[in-house]
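*Asks:* The chain contents come next:
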Amino acid sequence: MTMFHQAFFEEASDLLADLEGLLLRLEEAPGDLELLNTIFRCAHSIKGGSATFGFTDIAHFTHGLETLLDKVRNGEIKIDRSLSQVLFESADQMKALLAVARGESAAAPDSAALSARIEAAILGRPMMGAEQTALPQPKAAEEEGWGVWSVVRSYRLHFAPGADIMRQGGDPILLLGQLAKAGEILSVVCDDSQLPALNEMDPETCYLSWDIELRSDWTSEAILEIFEFVADDSDIHLEVLGESAKPAEPAKLEEAAPPVLAAPTIKTPVTETVVASPIAASVSAAPAIPAPFSESAPKAPPAEAQTLRVATDKVDKLINLVGELVINQSMLNEVVQDFSMAKLPRLIEAVAEMERASRELQERVMAVRMLPIKHAFGRFPRLVRDLAATVGKKIELKTSGEDTELDKGMIESIADPLTHLVRNSIDHGLETPEERRAAGKPETGTVSLHALHEGGSIAVEVSDDGRGLSRERILKKAIERGWVTENDTPADETLYNFIFMPGFSTAPAVTDLSGRGVGMDIVKQAVQALGGSITLSSTPGVGTKFRIRLPLTMAILEGLSLTVGDETYILPLTSIVESIQPAAGDVRKIAGRAEIAMVRGEVLPVVRLYQIFGSVPKVTDPTQGLLVIVENDNHKVAVLVDELIGQSQVVIKSLETNYRKVRGIAGATIMGDGRVALILDVPGLVRETLSGDAALATAA
Amino acid sequence: MALEQTQFSQNDAGSSADANQYLTFSLGDEEYGVDILKVQEIKGYVPTTRIPNAPPEVVGVLNLRGTIVPIVDLRRKFGLEEIEYNQFTAIVVVVVQNRVMGVIVDSVSEVVNIPLSDIQPAPDFGNSMSSSTLRGMARMGENLIILLDIDIVLLGEPAPLALAA
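Chains as they are written, first to last, in the working numbering: chain A, 1 to 700; chain B, 1001 to 1165.
Think of the hints as simulated: they come from the structure by calculation, not from any bench.
Careful, some of the hints might be misleading.
[Stated by the list, open to error] Simulated coverage check for chain A against chain B, where a stretch passes if three residues somewhere in it have a Cβ under 8 Å from a Cβ of chain B:
hint : stretch
1    : 155-167
2    : 613-624
[As the list claims (entries may be wrong)] The list that follows gives simulated cross-link-like pairs (lysine to aspartate or glutamate, DMTMM-like), each with its CA atoms no further than 20 Å apart:
hint : chain 1 : residue 1 : chain 2 : residue 2
3    : A       : Lys181    : A       : Asp57
4    : B       : Lys1043   : B       : Glu1110
5    : A       : Lys661    : B       : Glu1057
6    : A       : Lys398    : A       : Asp386
7    : B       : Lys1043   : A       : Asp673
8    : A       : Lys398    : A       : Glu27
All values derive from a computational prediction rather than experimental measurement.
Positions of the beta carbon are idealized from the N, C-alpha and C atoms, including for glycine.
Put together the whole structure using the sequences plus the hints.
*Replies:* This is the structure we're talking about:
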């Protein structure tokens, strides 16, 4: 069942994302019937799915919303600002409820107040937010059922689920449970005549059918809706026996109710044991070991299988390529059998062909993890809309390059830094309409998100046409913080980069937007953690542009291989500043202990790789070896190595899966000759070096 | 008692009701056995890549069809005298608690069926080989086979691999 839940959660999140986008479009075109129909269908699917899987909170809430949307699309209710606000809040509420159902958050805000506002909108009453509490009756009525229907009818329902209902993820018990909420069950007859002998019984087949009489104030449509998602395969008849306005006497209920519950419970143990046993088996096979640690695993939602939805054409291409490889391999087999030198050209050709196919296969397999960046951009239209209202600025959001593909994990991790940059642009970058008019600009400011391929990496740009960074303010701050002296006139680039320093904030007042304790330094850290870099350019009065460069995937790294003795290590290219061969006297010991190097006037701590790794080096004299200057977090360290070999793309493998985390090592990779090379952990090296030498380095 | 229990639970998955299969290998003058169900494969010795600052018995890591596998030299682990690796030297790849690890042994001998009744509890060897790493001892004709609990050998002691950060 959890498997289907997972599918539902994913579908529902997608639908909610769609819903939000549609609502935004609806604001611009309030009368668009096609749009309204699509919105209605979104809400309807979410309701249906959540009811089927037993998430009554979501179903319950969405039902009211659906009723409202139905009236809107029938033209009974006009869209206005306040109604649109209710719709947006409803989308938020559904998200919150969904998060609770997924186990991602403990509790969602109470739906009651919002439900009441929806109810009020349905009834055509004016809505003023504050008046919600004045409507207790609809709310109470809603707790009974899903609506406010008042005529009580008695029904006879014949429900014969299709034999495959449970295999398809349906659950008759849940449906009957829903039915029990519709009203009073008067009688239930369970037809078990189809039940085979126990040894012939298939635990996942449904053999039962039910005849139920009930009394309810629901309409027949509402009752049938419970069964909507199984209606295609099931035999369902609903007859109206009569109408009455009086509530039924509850006496018979006590006798009648147990069979409803008892009948299904005969079946539950059977289904459950079958479902449970493979789980139990896999648990005992894989004892309670935490999932293999991967270096980059973000804090995953609790105990939830990470899934990936892949476009069919990507999978088809993979299958084609594997086919090619198989053909290739049989070609090779043929050539190698009875090999003679005459066959050499064919062998070379076959190997070349195989190389091409396997390289392409590698690329395609990587592409399976790639998603268009619009998944990360998707949240911004809403964010900008809300923020624009809060700060009283007119803002237009432009996005381009949404189809640029990026690793799935990266998309999830980049969304927060991007959000911060966009907030920043809106809060600090853009001027108020008055200021813009005075500056001769259009009143509406523009924030642009642009993604593009750039060689082996992806660039994401966040730009605005606002006032640009203030040189004076940054300089003042930098002097205050002691990063520059009063007499310095740093270049624009150097100066602007100060905003990425920890403890920097130019906002004169802490606002709702930027006073969240998240500075640009956190953005920079987040980008670096993904193996990327961030730069910015700014022109006073014209605007600011942040540019994030990210590797295509976290599984592949552009690296420089180097040797220490007869060992090979890989240094991530993004962290390398330069490499130099020091002259005599450039490297010296201070206080008889720590070593420093003078590089272009800068004093850098020296790390002798062979010392911390316990290797046997070819070179111990720095002037014979190479100093590779690496940088992390604005701190540079000079690493002494024997020699550099070359640059290559390497696939990152985890050491921790079978071994454990190793100090100074970020992971491993497999070289062309099949041997393992270790990848250096630059942030770790820099941190350790600085914590060891900090005092001495500054003293120098 | 604990010993008996592990044997019983092994039995459920094992080959027959009262015997288990063991892969035997030699190390110095001794013959050792590990539960065959723990063994993934056996391969000849190939040079490994050293891991900085690893415990001495972890000689390095190996690429096993794309997986990075740590390799433990059992001679070093048991404090035996080190010898040159030769053409008989083998790496026994085992799966312990979902981790794939390799064990370097002098040579691999055979797969034997050892009835439960032939296994005797191990005497206490003192420090270098605490008795918990031993399942017991079995006599096979002239030879005495020392049955290892490979999980405890590789993961069970506080100093080496088990206490991953």
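*Asks:* State for each hint whether it applies.
*Replies:* These are the hints, each one checked on the structure:
As drawn, the stretch 155-167 of chain A meets chain B at 0 residues by the rule of a beta-carbon pair under 8 Å; below three, the given contact is violated. Figure legend: the stretch 613-624 of chain A, annotated as covered by chain B; annotation consistent (3 residues with Cβ-Cβ distances under 8 Å, at least 3 required). Distance hint between Lys181(A) and Asp57(A) is fulfilled; the C-alpha atoms sit about 13 Å from each other, no more than 20 Å. For the given pair, Lys1043(B) sits about 14 Å from Glu1110(B) by alpha-carbon distance, which is consistent with the 20 Å threshold.
Restraint check for Lys661(A) and Glu1057(B): satisfied, since their Cα atoms lie roughly 17 Å apart, inside the 20 Å limit. At roughly 16 Å between alpha-carbon atoms, Lys398(A) and Asp386(A) fall within 20 Å of each other, so this suggested pair holds. Our distance criterion of 20 Å between C-alpha atoms is met by Lys1043(B) and Asp673(A), whose separation comes to about 18 Å. At most 20 Å may separate the alpha-carbon atoms for a hinted pair to count; Lys398(A) and Glu27(A) meet this at roughly 17 Å.
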